[in-house]
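Participant: Based on the hints, put chain B in the right spot on chain A.
Number of protein chains: 2
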Amino acid sequence: MNLDQLQTPALLLERPVLERNIAAMTGRAKRHGVALRPHMKTAKSAKVASLATAGNKGGICVSTVAEAEYFARHGFRDITYAFGIVPQKIERLAKLRADGVSVRLLVDDVANVKAVAERAKALGASFDVQIEVDSGQNRGGLKPDDPKLGEVGWALAGSGALRFLGVLTHGGHSYDCRGAADCRRVAEEERAAIVAAAERLSAAGLPCAEVSPGATPNAVHATRLDGVTEIRPGNYMFFDLHQTGIGSCTVDEIAVSVLTTVVGHNRAHNRIVIDAGGLALSKDIGANEPLPNTGYGWVMDLSGKTRIGDLRVGRVSQEHGQIESDSPLPFDRLPIGARVRVLPNHSCMTAAAYEHYNVLDGGADVIDQWDRINGW
Amino acid sequence: MNLDQLQTPALLLERPVLERNIAAMTGRAKRHGVALRPHMKTAKSAKVASLATAGNKGGICVSTVAEAEYFARHGFRDITYAFGIVPQKIERLAKLRADGVSVRLLVDDVANVKAVAERAKALGASFDVQIEVDSGQNRGGLKPDDPKLGEVGWALAGSGALRFLGVLTHGGHSYDCRGAADCRRVAEEERAAIVAAAERLSAAGLPCAEVSPGATPNAVHATRLDGVTEIRPGNYMFFDLHQTGIGSCTVDEIAVSVLTTVVGHNRAHNRIVIDAGGLALSKDIGANEPLPNTGYGWVMDLSGKTRIGDLRVGRVSQEHGQIESDSPLPFDRLPIGARVRVLPNHSCMTAAAYEHYNVLDGGADVIDQWDRINGW
Numbered sequence: 001m002n003l004d005q006l007q008t009p010a011l012l013l014e015r016p017v018l019e020r021n022i023a024a025m026t027g028r029a030k031r032h033g034v035a036l037r038p039h040m041k042t043a044k045s046a047k048v049a050s051l052a053t054a055g056n057k058g059g060i061c062v063s064t065v066a067e068a069e070y071f072a073r074h075g076f077r078d079i080t081y082a083f084g085i086v087p088q089k090i091e092r093l094a095k096l097r098a099d100g101v102s103v104r105l106l107v108d109d110v111a112n113v114k115a116v117a118e119r120a121k122a123l124g125a126s127f128d129v130q131i132e133v134d135s136g137q138n139r140g141g142l143k144p145d146d147p148k149l150g151e152v153g154w155a156l157a158g159s160g161a162l163r164f165l166g167v168l169t170h171g172g173h174s175y176d177c178r179g180a181a182d183c184r185r186v187a188e189e190e191r192a193a194i195v196a197a198a199e200r201l202s203a204a205g206l207p208c209a210e211v212s213p214g215a216t217p218n219a220v221h222a223t224r225l226d227g228v229t230e231i232r233p234g235n236y237m238f239f240d241l242h243q244t245g246i247g248s249c250t251v252d253e254i255a256v257s258v259l260t261t262v263v264g265h266n267r268a269h270n271r272i273v274i275d276a277g278g279l280a281l282s283k284d285i286g287a288n289e290p291l292p293n294t295g296y297g298w299v300m301d302l303s304g305k306t307r308i309g310d311l312r313v314g315r316v317s318q319e320h321g322q323i324e325s326d327s328p329l330p331f332d333r334l335p336i337g338a339r340v341r342v343l344p345n346h347s348c349m350t351a352a353a354y355e356h357y358n359v360l361d362g363g364a365d366v367i368d369q370w371d372r373i374n375g376w
Numbered sequence: 001m002n003l004d005q006l007q008t009p010a011l012l013l014e015r016p017v018l019e020r021n022i023a024a025m026t027g028r029a030k031r032h033g034v035a036l037r038p039h040m041k042t043a044k045s046a047k048v049a050s051l052a053t054a055g056n057k058g059g060i061c062v063s064t065v066a067e068a069e070y071f072a073r074h075g076f077r078d079i080t081y082a083f084g085i086v087p088q089k090i091e092r093l094a095k096l097r098a099d100g101v102s103v104r105l106l107v108d109d110v111a112n113v114k115a116v117a118e119r120a121k122a123l124g125a126s127f128d129v130q131i132e133v134d135s136g137q138n139r140g141g142l143k144p145d146d147p148k149l150g151e152v153g154w155a156l157a158g159s160g161a162l163r164f165l166g167v168l169t170h171g172g173h174s175y176d177c178r179g180a181a182d183c184r185r186v187a188e189e190e191r192a193a194i195v196a197a198a199e200r201l202s203a204a205g206l207p208c209a210e211v212s213p214g215a216t217p218n219a220v221h222a223t224r225l226d227g228v229t230e231i232r233p234g235n236y237m238f239f240d241l242h243q244t245g246i247g248s249c250t251v252d253e254i255a256v257s258v259l260t261t262v263v264g265h266n267r268a269h270n271r272i273v274i275d276a277g278g279l280a281l282s283k284d285i286g287a288n289e290p291l292p293n294t295g296y297g298w299v300m301d302l303s304g305k306t307r308i309g310d311l312r313v314g315r316v317s318q319e320h321g322q323i324e325s326d327s328p329l330p331f332d333r334l335p336i337g338a339r340v341r342v343l344p345n346h347s348c349m350t351a352a353a354y355e356h357y358n359v360l361d362g363g364a365d366v367i368d369q370w371d372r373i374n375g376w
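Chains as they are written, first to last, in our numbering: chain A, 1 to 376; chain B, 1 to 376.
Just so you know, these hints were derived from the structure itself, not from any lab. All C-beta atoms in this analysis are idealised placements derived from N, C-alpha and C, irrespective of residue type, glycine included. The reader is advised that the hints may include incorrect statements.
[To be verified] Computed cross-link-like contacts, EDC-like style, restricted to lysine to aspartate or glutamate with a CA-CA straight-line distance of at most 20 Å: (1) A/Lys-114 / B/Asp-332; (2) A/Lys-148 / B/Glu-69; (3) A/Lys-143 / A/Glu-69.
[To be verified] Non-contacting residues of chain A with respect to chain B, defined by C-beta distances greater than 10 Å in every case (computed): (4) Ala-23; (5) Asp-99; (6) Asp-108; (7) Ala-122; (8) Ala-209; (9) Gly-309; (10) Arg-315; (11) Gly-375.
If we strip away everything but chain A, and leave its shape as in the complex, we get:
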């Protein structure tokens, strides 16, 4: 099968680009002397996880219980569920523990530690647990100087079913960065925060076996990772226009795109209608902050390598996308039935609409289809 035969919209994955991105991040981790625990929330694919863990310790990170179950089914035995745990989610994870899978959990609250421990005990399961640290995103987790840090640590240590393993943070505010220097600053902010939290716990008698920051822009730009034991980036496997805007990748490092077909010409409004809309591309417009006028993605030729002028998907409804440009559109070059590719604003969101990747090897042939695990 090749690109002409695929039903559209379809999700494409350039394997050589993916492999280069993975090799680059594995190399960064090795240079820093830290482990790489790839976050599989973006790719959600066992095939991609196999590539991403090659040459690393084999541990992965996930964002949903469904991912944990899927990757365990595919032979992954060391899984961090990097999302605040609640008692209601313990039962499914306890089944993985019963199968011998190491499942690491995340907490930031004493009362919740007690409730989770109680549920785990009732199910006869035990878990390694990290404390979530807020390194500046202001979402979840405790600030490094929060007195509750020690309280949660000691609650874990005394819980029986839960074992205190260390600290974890996601420096998500790196997504607001502009350019390499800004990324380096936030990367150091994230490192300093997680290391400070670890030192504080150590000083309180709770040494941290794992000190784990994680966010692609920080992982790409970090100049030092002293005190860190592992990093957990995920988006770097695919990258996207948002990461290009931040300065984490070049356009030709973006490994995924959406194949779409021209279904209409609207010459009066200088728009070309395609069959990739809000569902196929996602409605994430975050990339427009660092990369203005990106709309819902850039329009590339069928090779995926060259943008067609300044063309972008300017508007979307559920199934319709509308290509726009500041110049007259090339209607003759893009007749109804023609195909183009759209580079995604945010690959984590775009990929989630698809059941599988159509894998390319640099040409127009689809060499494989790799499944994904969506849902919860």
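Facilitator: The following block gives chain B in isolation, referenced to the frame of chain A:
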């Protein structure tokens, strides 16, 4: 099973609300003396389609080929694929025709009519086809006074494999309306445009058997539908906050919501973290235009009937939602592990993240699970 036992995030569907919405729209169509061809792009569920077509002619409308195949498998025999057809999509639809399913297509371009007809002939299939009319959305279709209208009509009439059936429009600009009077104005604009197109074609020797407008706000508010043969609304089955903002429904007419669990407290920033983020809710923020400060959805109590103060999901990342308020949040009322429901901004986008509906009958018991057809 009841709400306490569901894994979150989960999609809930209130069957009594759905049934009232369906009865109201069926009643409107009957009062206007037009057929109701429910658009299944929102619900994408055979069970919902069975309810929506009861008391109507049985015809439905879909937005993807995957929907057409799914509904055909579930016994629906009269399907309008209301999305610009291209030759590449004919083969799968021809298989439905071979099984005796009536499949209606949509076109707005002479060259494309020829290409589609050629492909259909090669496959031995024939289709009824409507011409897409642009009634003001400025997306796809021909304006009623475009001379190409007749050209496309005669191209269909002379194509052999395609039969000219009439006209179709989606007055999507109704989503920009504010209040009933504005909706009535745009509903009449849509009606006038599609009827003008039909009259123009009739005068040119191409009488229209089907004259079909379709958009929920217009269907709710239309005061007259003279000259129209059918309407094709879809969102009305579920409604959402955007429709509430427009004035198409009340909050208690919204039939779907997302069940989510509190996973963290961020007292320093007055935020409560939940396990419904951008994937579970969608990143559609269109509802904020007519309904300011809606964020990514309103936070309701577990009954789904009462909003908790002014709480809304103010921020989302992939799996995290952050509840915000202009007042101090009720942390004690919503401890970690507590559950709330989120009313969606745009139910078509939100529902698409889920494989099935958890059906409720007014209480906390999940009385059934209904599947959905996602993808393409």
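Participant: With reference to the structure, classify each hint as holding or not holding.
Facilitator: Each hint, compared with the structure:
With a C-alpha separation of about 17 Å, the suggested pair A/Lys-114 and B/Asp-332 falls inside the 20 Å cut-off, and the hint holds. Proximity of A/Lys-148 to B/Glu-69 is assessed by CA-CA distance (about 55 Å); at most 20 Å being required, the pair is judged violated. At most 20 Å may separate the alpha-carbon atoms for a hinted pair to count; A/Lys-143 and A/Glu-69 exceed this at roughly 31 Å. With a least CB separation of 25 Å from chain B, A/Ala-23 remains clear of the 10 Å interface cut-off, as annotated.
Separation of A/Asp-99 from chain B is adequate, the least Cβ-Cβ distance of about 19 Å exceeding the 10 Å criterion. A beta-carbon of chain B is positioned within 10 Å of the beta-carbon of A/Asp-108; the least distance is around 6 Å. For A/Ala-122, the non-interface assignment is confirmed: its Cβ lies about 15 Å from the closest Cβ of chain B, beyond the 10 Å cut-off. Every CB of chain B lies more than 10 Å from the CB of A/Ala-209, the least distance being 23 Å, so the non-interface label holds.
No beta-carbon of chain B is positioned within 10 Å of the beta-carbon of A/Gly-309; the least distance is around 21 Å. A beta-carbon of chain B comes within 10 Å of the beta-carbon of A/Arg-315; the shortest separation is about 8 Å. For A/Gly-375, the non-interface assignment is contradicted: its Cβ lies about 6 Å from the closest Cβ of chain B, within the 10 Å cut-off.
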